[in-house]
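S.K.: Sequence:
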Amino acid sequence: MQQRLIEMMAEHFPFLDNGQARETLRLCEKNNRLFYAPANKPAFVLGYYQFFPELINVVRHQRFDILMECNLTDGPLVYVAVLITPGNAVRTISKIVRLLDARAYAFHRYIDGGEYEFHFVRNNRYGATNAHLN
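Position one of the sequence shown corresponds to residue 159 (this note's numbering), numbered consecutively onward.
Worth flagging that the hints you see were computed from the coordinates, not collected in a lab.
Glycine residues also receive a C-beta, built at the ideal position from the N, C-alpha and C atoms.
Some clues are possibly wrong.
[Said to hold, decoys possible] FRET-style restraints, in silico, Cβ to Cβ:
| # | residue 1 | residue 2 | range |
| --- | --- | --- | --- |
| 1 | Glu-169 | Phe-193 | 30 to 38 Å |
| 2 | Asp-175 | Asp-270 | 16 to 24 Å |
| 3 | His-219 | Asn-198 | 18 to 26 Å |
| 4 | Ile-224 | Pro-200 | 20 to 28 Å |
| 5 | Glu-273 | Glu-169 | 14 to 22 Å |
| 6 | Glu-169 | Phe-222 | 18 to 26 Å |
| 7 | Asn-198 | Ile-224 | 29 to 37 Å |
| 8 | Ile-254 | Pro-196 | 27 to 35 Å |
With the hints as constraints, model all of the structure from the sequences given.
M.R.: Laid out in C-alpha cells, this is it:
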C-alpha cells in the first residue's frame, strides 16, 4: 500500500523525490494522521499532524530528523502534509481545522522556480466551535 501512496504523491507532487514522499507519509502515519483510499477512483489521501508554536521553524524547514522524534498528535496548530482529493481541497482543510478547533494551519506550496513557499493561515473561527460551553 505504501508504494501506491508514494506513486500517487509523485503523480501529484512531481517536485518531491521518493525519499521526501516516504518520510512525509511515515511521519503522518507515525502520528496516526494518515488517511487514504487509493483504490477508489478518484483517489483520496490526507496526511497531517498537529504541533505547538515552538516547532514552527522545524515544520517550515521540514526537519524530518527532529519531527520524527516529536509527538505530533496534539497541539493548537495543524500542518497539512499531503492532500489529494477529487473535491474542494480548501473545504476539506476547513473541515479538519474546524473539527480540531486549531488556532491555525500551515502547508507548503510549490512555486515556479523549484522552491517551496510556506503558508501559515490563522483560523478566524478559532474557539467558535466550543463557545457555547463557556
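S.K.: Against each hint, give a clear statement of whether it holds in the structure.
M.R.: Here's how the hints hold up against the structure:
1. Checking the proposed 30 to 38 Å range against Glu-169 and Phe-193 shows it is violated: the Cβ atoms sit about 18 Å from each other.
2. As the Cβ distance of Asp-175 to Asp-270 is approximately 19 Å, the hint placing it in 16 to 24 Å holds.
3. Range check, His-219 to Asn-198: about 34 Å between beta-carbon atoms, so the 18 to 26 Å window is missed.
4. A hinted range of 20 to 28 Å for the beta carbons of Ile-224 and Pro-200 is inconsistent with their spacing of about 34 Å.
5. Taking 14 to 22 Å as the suggested C-beta distance range, the pair Glu-273 and Glu-169 conforms, at roughly 21 Å.
6. Between Glu-169 and Phe-222 the CB atoms are about 22 Å apart, so this pair conforms to the stated range of 18 to 26 Å.
7. The given range of 29 to 37 Å is respected by Asn-198 and Ile-224, whose C-beta atoms sit roughly 34 Å from each other.
8. For the pair Ile-254 and Pro-196, the supplied restraint of 27 to 35 Å is violated, since their beta-carbon distance comes to about 19 Å.
The structure fails to meet hints 1, 3, 4 and 8 from the earlier list, while all remaining hints are met.
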